[in-house]
Amino acid sequence: MKNLYILLLAVISFTIVSCNKETATTQTDVMNSMLTNKNWYLDYSITGNSTKSYVGQSTYFVSYLKDGSTKDSDGLTGTYTVEVINNESQIHVQLKTAGGNPLEVIYNILSVGETKLVLSKVVTSGTATQLYFTNK
Amino acid sequence: MRSTRLFSNKFLLLFSIVSIAASSLTAQTLTKRQQDSAYLLNPGQERIRKIKKSLAKKFVNFVGNDVSLFGNLVLSKQNINDNGVTAPINYLYNTVNSNTFNSGYSGGFRIDGIYKEKHRYALSFAVNRVAAGNNYKNKYSLSPFIDDFTHFKADDKFTTLSIAAHYKKLLPVNAMNKYKFYAVFGPSFDYKISSISKENLINGAGNRAIINGDLGAEFDNKGYYVLYAHYKLGVNMTSSSVPVQLNRFEIGMSIKAKDLF
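So the protein sequences, as listed, match chains A and B.
Using my numbering, the letters of the first sequence map in sequence onto residues 1 to 136.
Using my numbering, the letters of the second sequence map in sequence onto residues 1001 to 1261.
Just chain B, same shape as in the assembly (with noise of 0.2 Å):
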């Protein structure tokens, strides 16, 4: 009984020598399509090549660029001005009106340099997850009976695409050799990618294009990490029977790609 246990136990460990054996001289044995391509060159990898070389030069000045992952928490606040609005419709103010910094959220990634070894900067590209508070600046009344009221109703939940450019400048604060204080500040692009209710594309106030101006400050530990405080204010790109000014601040962490992973 013990022999025979004794056998299956070799004959299984063989059988499994032999099937490793066997698969890794079945992934040895390259067919001949295979074996002239492994010697050419592929088309797509040698595009790359050609457009990371052309990047290269073009951008020399452009130096120590370090990709990192980014997320953070949006407060956001919007300035609605609905004097251009024409169209006999209320929204009671109190049930639309709520003043306040609503929580969203965004994540992307960012790429920090260098450029002519003096002027630092950052470059990132991100996804906001927008919940706005909505601060309506016109109220209207129908006497007898309709007290307060606005126009329009803003969307205040939106998911834009955005784009920043940031100038970085080193602050002379504490050990500059381990922390780094920057303060930076630079335009941003946002577009709305989620669709526009119907009650905001009424008079032509629909706007999907929003510019900013963004200051902030950003704590680098070591290299580690760098946590940041930003505030955007932003305007309407085109323009708009309803201005809207959005306030955010964006408090995050990023952290270098090549430690993740």
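Excised from the complex, chain A in its bound form (with noise of 0.2 Å):
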């Protein structure tokens, strides 16, 4: 009998603790569902203290799939991954250039939702450049 309630105990603990836990994939699941197959148009950009606004306008916009591919309104076409490093959220595109050539572009993502998308792209050298995105 009281390996019974032993047993029962250890049942119970294991289904408490075990039951839907935090995983590596976690976060990234969560906004790649918030990111993919959208078209999201730019608002605005910010480079330093320079706002240039295309509210309006017919502007630039880009999607990211559910496949792991992406295209922008320009023709480029590639592939991306979300990714968290050091725990920054970023978006890694690799692109193919006019000339074929590869190239990688990454963004690091300050917020995303399932309207409102805010990149800042990464740079070596000088101010890199806020992009705020709208999903119409």
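It is worth saying that the hints were derived from the structure and are not from the lab.
Just so we're clear, the structure is a prediction, and the values are computed from it rather than from any experiment.
Keep in mind that the hints are not guaranteed to be accurate.
[What the hints assert, rightly or not] Partner residues aside, some chain A positions facing chain B, computed with beta carbon under 8 Å:
| id | residue |
| --- | --- |
| 1 | T26 |
| 2 | Q27 |
| 3 | V30 |
| 4 | D43 |
| 5 | Y44 |
| 6 | T51 |
| 7 | N87 |
| 8 | S89 |
| 9 | I109 |
| 10 | L110 |
| 11 | V112 |
| 12 | T115 |
| 13 | K116 |
For every residue, glycine included, the Cβ atom is placed at its ideal position computed from N, Cα and C.
Hey, can you piece these two chains together into the complex? The hints should help.
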């Protein structure tokens, strides 16, 4: 009888501890679900003190598709991955230039939601540009 | 023609009587094994009898236990502090913040009794379907275009199993031999059994266990039924990057199980 109680207690404890734990991909899964299969239209770009507004204009947009591919309104295509590196959420985009050369662009995700996306382009020198997108 | 129908009816009646008699005879015929087992102790029943006996010995001071079934309306609101979330996710504040009490429901059973013939108590076990309004304590903004947002979207519909231990203080109100009013207070514990969304697991925010402090009033109508209103204030039992304070009002009724069945 005592063994039965111990077994029951162990099963309950295991159930409590094991259910729905955060995993390494939880955050990227959620960000991917918000990012994918939408057209993200550029509303503002800010570099240093210079703010450019594209609100109400026929403007640049980019799409991140569920199959891991990306395309933009300029006709550039490639692949992308969402990663969390050193607590920094990033989009790594692998593109091919018009000449066929591979090009990697990295964006820090400053904020991503169902309708709003803010990215900062990672640059090795100079001031980073922040890009504000909406999903219309 | 008439005599044929009469004969037919008589035959049917006779056939029915014979069938019933035959079936009752069959039911009375027990196999040798069944006859043996009728005299032997059933191990399962014996175990239950022993448990009951040992419980009665241990809880000798807990008397007059009545089992009741209850159901209630639950009005809930949760206060959410998402300061600890570092993931760069935004939820537009106006779309997630309702700051109202939303309605859910719960049901279960409770055992009411008296400890040492002096202290009244109620132990209750329930399944709760909570639908909570959300009050987010923090607003963030990212100029120039995201006005107000939160970093976290709390699950606002979930199911819990709960256990509560309430002390009941009889209030000297009205004719106490007929109607009884009680003030009740005590702790309760909820455990979320519904799945937690991925959004709620980010940065270790997910939390299943809630510990509550309960306070309320109960009206006992001559032992026929009990009407009650309880307020529950709950917090996460373990530390979380998103502390949630769950406020609930329960309004319901309980009826003794023996009166129902």
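Here is what the structure says about each hint:
| no. | hint | verdict |
| --- | --- | --- |
| 1 | T26 | holds, 5 Å |
| 2 | Q27 | holds, 5 Å |
| 3 | V30 | holds, 5 Å |
| 4 | D43 | holds, 6 Å |
| 5 | Y44 | holds, 6 Å |
| 6 | T51 | holds, 7 Å |
| 7 | N87 | holds, 7 Å |
| 8 | S89 | holds, 5 Å |
| 9 | I109 | holds, 5 Å |
| 10 | L110 | holds, 6 Å |
| 11 | V112 | holds, 6 Å |
| 12 | T115 | holds, 7 Å |
| 13 | K116 | holds, 5 Å |
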